[in-house]
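Quick mapping for you: the protein sequence lines, in order, are chains A and B.
Throughout, the numbering used here is defined as the position within the first sequence, counted from one, plus 61.
Throughout, the numbering used here is defined as the position within the second sequence, counted from one, plus 3.
Hints in this document: simulated from the structure, not taken from any laboratory.
Heads up, a few of these hints could be off.
If you want a taste of the chain B side facing chain A, the calculated C-beta under 7 Å gives, among others [what the hints assert, rightly or not]:
{"id": "1", "residue": "Asp62"}
{"id": "2", "residue": "Ala64"}
{"id": "3", "residue": "Leu66"}
Glycine included, each C-beta is placed from N, C-alpha and C at the ideal position.
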Amino acid sequence: MTTGELRGPQTSAWTRRLSRPAGPVSLGTPSLRVDDNNAFWVREDVLGDLPGARVGEGYAVSRFRESRDESHAPSYVRDQRARLAIIRNMPLWDVEAERSVTISEKFGALGDRYDPRAMRTILASLLQRDRSYEPELQASVSAVVRGGWTCADVGAHHGVFTRLLADLVGESGHVVAFEAILGMLVGCVGHSRPAVVQGSPS
Amino acid sequence: MNLAVTDGASKKVRLHRGRGRASAEWNVVGADLEGRPTPAEFEVNATSLDSYFADGNFDFAKLDVQGAEASVLRRMRRLLSESRPILAIEFHTETGWAGRHDLLDAGYELRTPGGVPIDAGPGAQRVYHCLARPL
Numbered sequence: 062m063t064t065g066e067l068r069g070p071q072t073s074a075w076t077r078r079l080s081r082p083a084g085p086v087s088l089g090t091p092s093l094r095v096d097d098n099n100a101f102w103v104r105e106d107v108l109g110d111l112p113g114a115r116v117g118e119g120y121a122v123s124r125f126r127e128s129r130d131e132s133h134a135p136s137y138v139r140d141q142r143a144r145l146a147i148i149r150n151m152p153l154w155d156v157e158a159e160r161s162v163t164i165s166e167k168f169g170a171l172g173d174r175y176d177p178r179a180m181r182t183i184l185a186s187l188l189q190r191d192r193s194y195e196p197e198l199q200a201s202v203s204a205v206v207r208g209g210w211t212c213a214d215v216g217a218h219h220g221v222f223t224r225l226l227a228d229l230v231g232e233s234g235h236v237v238a239f240e241a242i243l244g245m246l247v248g249c250v251g252h253s254r255p256a257v258v259q260g261s262p263s
Numbered sequence: 004m005n006l007a008v009t010d011g012a013s014k015k016v017r018l019h020r021g022r023g024r025a026s027a028e029w030n031v032v033g034a035d036l037e038g039r040p041t042p043a044e045f046e047v048n049a050t051s052l053d054s055y056f057a058d059g060n061f062d063f064a065k066l067d068v069q070g071a072e073a074s075v076l077r078r079m080r081r082l083l084s085e086s087r088p089i090l091a092i093e094f095h096t097e098t099g100w101a102g103r104h105d106l107l108d109a110g111y112e113l114r115t116p117g118g119v120p121i122d123a124g125p126g127a128q129r130v131y132h133c134l135a136r137p138l
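Make a model of the complete structure from these sequences and hints.
Written as structure tokens, this is what we have:
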């Protein structure tokens with residue numbers, strides 16, 4: 062598979078570029094609009110009474126399920142840290158330095174927010190939510206799978222069974238999760254048990 | 004690395020929507036769960052379980068493959084006969100349900116998650132969640 066290419070400017074970088082030499086004022090991302098998640102720029106000489114916003118203000122985190130993975134498939138990831146985890150090693154074009162960088166190189170501080178403690182918090186909330194998913198099947202799987210086993214989760218989707226299996230097989234076991242849309246499995250990243258995440262069907 | 008698990012006949016498969024525009028349930032069978040054809044949206048790498056685990060095996064597998072059950076089971080015959088794993092399977096469609104014959108041929112029995120034996124012979128009604136164990 063070829064590495065997909067995601068295109069989209071970082072809003073602040075775009076604003077700085079537009080602002081040279083006497084540029085438009087960013088109105089930011091309208092957080093109250095729910096029909097889209099666009100940013101608007103208006104030239105100062107026609108701004109009139111409209112409130113402007115400085116770079117860094119007025120941005121809203123997208124509430125839409127529009128996240129994509131490296132093959133441009135929908136990942137359906139909403140959590141900002143999980144989104145960063147998916148794209149952190151992707152190439153970015155730095156319009157100011159005019160060179161290619163990665164998210165983690167350019168925004169080390171942002172990358173740092175994706176830390177193991179934060180991941181454990183996310184995992185804890187996922188495990189809580191997991192319990193209500195197909196409880197009868199989970200119960201029968203729990204009754205069957207033993208510590209030390211090797212398990213395959215074929216069509217792992219969001220990884221509910223991957224996490225269950227990883228807990229059941231313990232440190233000496235292995236879980237291989239297959240999911241064609243890898244972004245689905247972001248909740249398994251950093252799991253303390255040996256979950257080998259490979260991709261899958263659907 | 005993203006991998007679709009299928010019959011392994013092709014190195015690449017196309018993924019189709021399974022349940023409407025907002026669905027997160029993609030499949031390789033080319034139709035939604037009601038059998039209506041849906042367009043292919045993107046392509047991913049594919050493998051079969053027999054080739055992926057060519058030098059290994061596993062004790063248990065959960066299969067939730069959105070209607071491609073028969074394809075996946077067809078290309079895990081070696082694992083079924085040699086590794087004899089226990090399987091938890093979601094049979095999403097009638098086409099997928101036909102894949103139970105590979106399990107029966109390999110000497111497996113089907114039960115509900117609650118442990119009730121399932122009649123899986125010719126013409127048997129599809130059961131959504133099955134636990135398959137080697138006899």
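Hints and how they fare:
1. Interface hint at Asp62 of chain B: satisfied, since its Cβ lies 4 Å from the closest Cβ of chain A, which is below the 7 Å cut-off.
2. Taking 7 Å as the C-beta cut-off, the interface hint given for Ala64 of chain B holds, the closest approach to chain A being about 4 Å.
3. Because the beta carbon of Leu66 of chain B sits about 5 Å from the nearest beta carbon in chain A, less than 7 Å, this interface hint is met.
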